[in-house]
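Colleague: Letter by letter, the chains look like this.
Number of protein chains: 2
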Amino acid sequence: MELTFLGTGAGLPSKERNVSAIALSLLQEINHIWLFDCGEATQHQILRTTIKPRKINKIFITHLHGDHIFGLPGLLSSRSFQGGDELLTVYGPSGIKEYIETSLRLSCSHLSYPLSIVEIDEGLIIDEEKFQVYAKKLDHVIPSYGFRIIEKDKIGELLVQSLIDIGVMPGPIYQQIKENNVVQTEDGKVLYQKDFIGPSKKGRIISILGDTRYQEGHREFIENSNLLVHEATFEQDKANLATDYYHSTTTQAATIAKIGNVDQLVLTHISSRYQDEDTTRLLDEACEVFPNTSIATDFYQLSVELKA
Amino acid sequence: MELTFLGTGAGLPSKERNVSAIALSLLQEINHIWLFDCGEATQHQILRTTIKPRKINKIFITHLHGDHIFGLPGLLSSRSFQGGDELLTVYGPSGIKEYIETSLRLSCSHLSYPLSIVEIDEGLIIDEEKFQVYAKKLDHVIPSYGFRIIEKDKIGELLVQSLIDIGVMPGPIYQQIKENNVVQTEDGKVLYQKDFIGPSKKGRIISILGDTRYQEGHREFIENSNLLVHEATFEQDKANLATDYYHSTTTQAATIAKIGNVDQLVLTHISSRYQDEDTTRLLDEACEVFPNTSIATDFYQLSVELKA
Ligand SMILES: [Zn+2]
Ligand SMILES: [Zn+2]
Chain S
1 MELTFLGTGA GLPSKERNVS AIALSLLQEI NHIWLFDCGE ATQHQILRTT IKPRKINKIF
61 ITHLHGDHIF GLPGLLSSRS FQGGDELLTV YGPSGIKEYI ETSLRLSCSH LSYPLSIVEI
121 DEGLIIDEEK FQVYAKKLDH VIPSYGFRII EKDKIGELLV QSLIDIGVMP GPIYQQIKEN
181 NVVQTEDGKV LYQKDFIGPS KKGRIISILG DTRYQEGHRE FIENSNLLVH EATFEQDKAN
241 LATDYYHSTT TQAATIAKIG NVDQLVLTHI SSRYQDEDTT RLLDEACEVF PNTSIATDFY
301 QLSVELKA
Chain V
309 MELTFLGTGA GLPSKERNVS AIALSLLQEI NHIWLFDCGE ATQHQILRTT IKPRKINKIF
369 ITHLHGDHIF GLPGLLSSRS FQGGDELLTV YGPSGIKEYI ETSLRLSCSH LSYPLSIVEI
429 DEGLIIDEEK FQVYAKKLDH VIPSYGFRII EKDKIGELLV QSLIDIGVMP GPIYQQIKEN
489 NVVQTEDGKV LYQKDFIGPS KKGRIISILG DTRYQEGHRE FIENSNLLVH EATFEQDKAN
549 LATDYYHSTT TQAATIAKIG NVDQLVLTHI SSRYQDEDTT RLLDEACEVF PNTSIATDFY
609 QLSVELKA
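Protein chains in written order, with the working numbering: chain S, 1 to 308; chain V, 309 to 616.
The set of hints was computed from the structure by calculation and includes no laboratory data.
From a predicted model like this one, the values you see are computed outputs, not experimental measurements.
Heads up, some of the hints might be wrong.
Within a straight-line C-alpha distance of at most 30 angstroms, the following computed BS3-like cross-link-like pairs (lysine-lysine) qualify [claimed, not checked]:
1. S:LYS52 to V:LYS546
2. S:LYS15 to V:LYS360
3. V:LYS363 to V:LYS615
4. S:LYS130 to S:LYS152
5. V:LYS546 to V:LYS360
6. V:LYS323 to S:LYS15
7. S:LYS136 to S:LYS55
8. S:LYS55 to V:LYS323
9. S:LYS52 to S:LYS97
10. V:LYS405 to S:LYS97
11. S:LYS238 to V:LYS360
Across the chosen pairs, the derived CB separations fall in these ranges [stated by the list, open to error]:
12. V:THR587 to S:ASN240: 53 to 61 angstroms
13. S:PHE81 to V:THR551: 19 to 27 angstroms
14. S:PRO199 to V:GLN390: 24 to 32 angstroms
15. S:ARG105 to V:THR587: 32 to 40 angstroms
16. S:GLN215 to V:ASP584: 17 to 25 angstroms
17. S:GLN82 to V:THR358: 32 to 40 angstroms
18. S:LEU87 to V:GLN390: 36 to 44 angstroms
19. S:LYS154 to V:THR551: 53 to 61 angstroms
By construction, the Cβ of each residue, glycine as well, lies at the ideal position given by its N, Cα and C atoms.
Whenever a hint applies, use it, and build me the whole structure from the sequences.
Modeller: Right, here's the structure in full:
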C-alpha cells in the first residue's frame with residue numbers, strides 16, 4: 001500500500017501545488033490503483049509518475065467542489081486511449097453521476113470500458129476479498145466524505161515444523177489446511193487449522209478524509225489507523241477562518257490524529273497563501289500535538305507497511 | 309494583437325503539448341484578452357504566462373470535444389478568486405450552456421462576476437466598436453466552428469500641415485475633424501474630413517479554425533487573413549486517417565492557406581504520435597505548399613502587426 005500525492009493545494013492550482021488527488025497503489029495486493037479525488041490536471045500529474053491510468057479501477061470522490069472533481073471527465077476520457085478496458089467504478093456524493101454523465105455526453109466522449117457510478121451514503125461501501133471501505137459524512141459546507149480503507153487481516157503462516165513433527169509431510173494437504181478449518185489426512189488424522197497456523201497478520205488501515213472542520217466526533221472513524229490523511233487548509237492562528245470556511249487547521253488535524261491514536265498523520269490541502277518557506281512553521285504546529293506528522297507536497301510518496 | 313498558444317496537442321495531454329487553448333491579447337486595442345478553446349489545465353498553463361485571467365472577457369469554444377472544453381469550469385471558477393468582476397461571455401456551439409451550467413451548479417461554484425453564455429450559429433456573432441467576429445461551421449464529426457476576427461479599419465492620420473497651411477491651428481477643432489465628416493471653424497471655414505485625413509489603416513484579420521477536415525469551401529471564410537491558425541493533426545502520409553477522423557494534414561492546411569491568400573499560417577493540434585524530432589518533417593511538408601508556415605508549440609507567441 002503506497003500513497004502518491006498528486007495534488008496537495010486548496011481551492012486553486014498554484015505553481016507549487018495542484019488541486020486535490022491522491023493515488024493509493026494496491027498493485028502488490030490486488031494489482032489495482034485507487035484514486036481519491038480528481039482535481040483538474042490530475043491526468044497531467046499522472047503523466048509525471050509511473051502510474052498507469054488503466055490500472056485505476058476505483059475513484060473515490062470526497063465532495064463535489066471543483067478542486068476535487070474537475071479533472072474527472074478528462075481522466076475518464078483519456079483512460080480509453082491508454083489501454084483501459086477494465087471496469088472502473090466511481091464512488092461519490094449525490095450529484096456525481098449527473099456531473100460525469102453530462103460532461104461525457106456533451107463532449108461526445110465514448111469510453112472503451114464499462115463505467116459504474118455509485119452515489120454513496122455513510123457506512124460500508126465496499127466489501128471485497130481483501131479490502132473493506134467505510135464512508136463517513138464530515139463537516140463541510142456541502143456533503144463531504146471521509147474514507148476508511150481496511151485491509152482484512154491475513155491468515156498467519158503455516159507451522160510446518162509442527163506438521164512434520166506429527167508426520168504430515170509437505171504436499172497438497174498443506175494448502176488444504178490453509179483453506180479449511182478442519183481437514184482429514186489420507187491416513188485418518190483430523191487436523192484443526194488453529195493448531196497449525198501462526199498468529200494472523202493485522203491488516204493495515206488508511207483513513208483519507210475530505211475537506212472538513214475539526215470534529216471530535218470523527219475520532220472513532222479514524223481510530224487506530226496506520227495512516228491518517230487530513231486536510232490542513234490553515235495554520236492554527238487562522239482557526240476562525242477555518243471554522244468560517246468549513247476547513248481545519250494544522251493543530252486541529254494533529255489533535256484528531258492524537259485522540260484517534262493513529263500511527264502517522266499526513267497533512268494536505270494546504271492553502272496557496274502558504275509558500276514553501278511557511279511549511280516548517282505549519283509542520284511545527286502539528287508536531288507539537290502529534291509528532292509523527294508530515295506535510296505532503298505534490299508527488300510525495302509513502303508506503304504503509306504491514307506491522308511485524 | 310498577440311497570440312499565445314497555451315495548448316497545441318490533439319485529443320490527450322502529453323508531456324510536450326497540452327490540449328487546445330489559444331489566448332489572443334487585445335490589451336493594446338481594447339484592454340482585454342480573448343481565449344479560443346479551453347482544454348483541461350488551461351488555467352495551469354496561464355499560471356506560467358503573464359496573462360491575467362480577469363482580463364479575459366470573451367471565450368470562444370470551437371467545439372465540445374473534451375480536449376477543447378474540460379478546462380472551462382476550472383478557469384471560470386478560479387477567475388472569481390483572481391480579481392475577476394467584469395462580465396465574461398462564452399461563445400460556443402449548442403450544448404455549451406448546459407455543460408457550463410451543470411458543472412458550476414453541481415460543484416457549487418459561485419462566480420464573482422456576471423457570466424453570459426451565447427450558443428452560436430454561423431454568421432456575424434460580434435460587432436463592436438473595434439472588432440467584428442464571424443463564425444463558420446467546419447467539417448468535423450460534431451459541430452465545429454471557425455472564427456474570423458476582423459479589426460475594423462482605423463481612420464488615417466490627421467494631415468496637420470495641410471490644416472496649418474490654411475490657418476487652422478492645433479486645438480479642440482483637430483479632435484472634431486477626426487470625429488465628424490464636416491466641421492465648421494469659429495471663423496466660418498467649412499472643413500471636410502476627407503480633405504484632412506490620410507489614408508485609413510487596414511485592420512488586421514485573424515482566422516482561427518477548430519478541428520476540421522480540409523474543405524475547399526473554407527477558402528472564402530479565411531481569405532486574405534493576416535494570420536490563419538489551422539489544425540494539422542496528421543502528416544500528409546496519413547491523409548486517410550485525417551479523413552476518417554475528420555481532421556486535416558499539414559499539406560491540407562497549407563493548401564487552404566495558399567488558395568485563401570493568407571499572409572501567414574500557424575499549425576496546431578498536433579497528434580501526440582509526433583515527437584519533437586518529427587516537427588521538422590511536418591513543417592517541411594507544409595512549407596512546400598505554403599512557405600510562410602510555422603508549427604506552434606506550447607507557449608509559442610507571435611504578434612500580428614498592422615501593415616504599413
Ligand atoms: Zn477543497
Ligand atoms: Zn481536438
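Colleague: Could you run down the list of hints and mark each one as holding or not?
Modeller: Evaluation of the provided hints:
no. : hint                                     : verdict
1   : S:LYS52 to V:LYS546                      : holds (28 angstroms)
2   : S:LYS15 to V:LYS360                      : holds (15 angstroms)
3   : V:LYS363 to V:LYS615                     : holds (26 angstroms)
4   : S:LYS130 to S:LYS152                     : holds (5 angstroms)
5   : V:LYS546 to V:LYS360                     : violated (39 angstroms)
6   : V:LYS323 to S:LYS15                      : holds (16 angstroms)
7   : S:LYS136 to S:LYS55                      : holds (26 angstroms)
8   : S:LYS55 to V:LYS323                      : holds (20 angstroms)
9   : S:LYS52 to S:LYS97                       : holds (24 angstroms)
10  : V:LYS405 to S:LYS97                      : holds (19 angstroms)
11  : S:LYS238 to V:LYS360                     : holds (28 angstroms)
12  : V:THR587 to S:ASN240: 53 to 61 angstroms : holds (54 angstroms)
13  : S:PHE81 to V:THR551: 19 to 27 angstroms  : holds (20 angstroms)
14  : S:PRO199 to V:GLN390: 24 to 32 angstroms : violated (57 angstroms)
15  : S:ARG105 to V:THR587: 32 to 40 angstroms : holds (35 angstroms)
16  : S:GLN215 to V:ASP584: 17 to 25 angstroms : violated (52 angstroms)
17  : S:GLN82 to V:THR358: 32 to 40 angstroms  : holds (34 angstroms)
18  : S:LEU87 to V:GLN390: 36 to 44 angstroms  : holds (39 angstroms)
19  : S:LYS154 to V:THR551: 53 to 61 angstroms : holds (56 angstroms)
Going down the numbered hints, you'll see the structure goes against 5, 14, 16, while the others check out.
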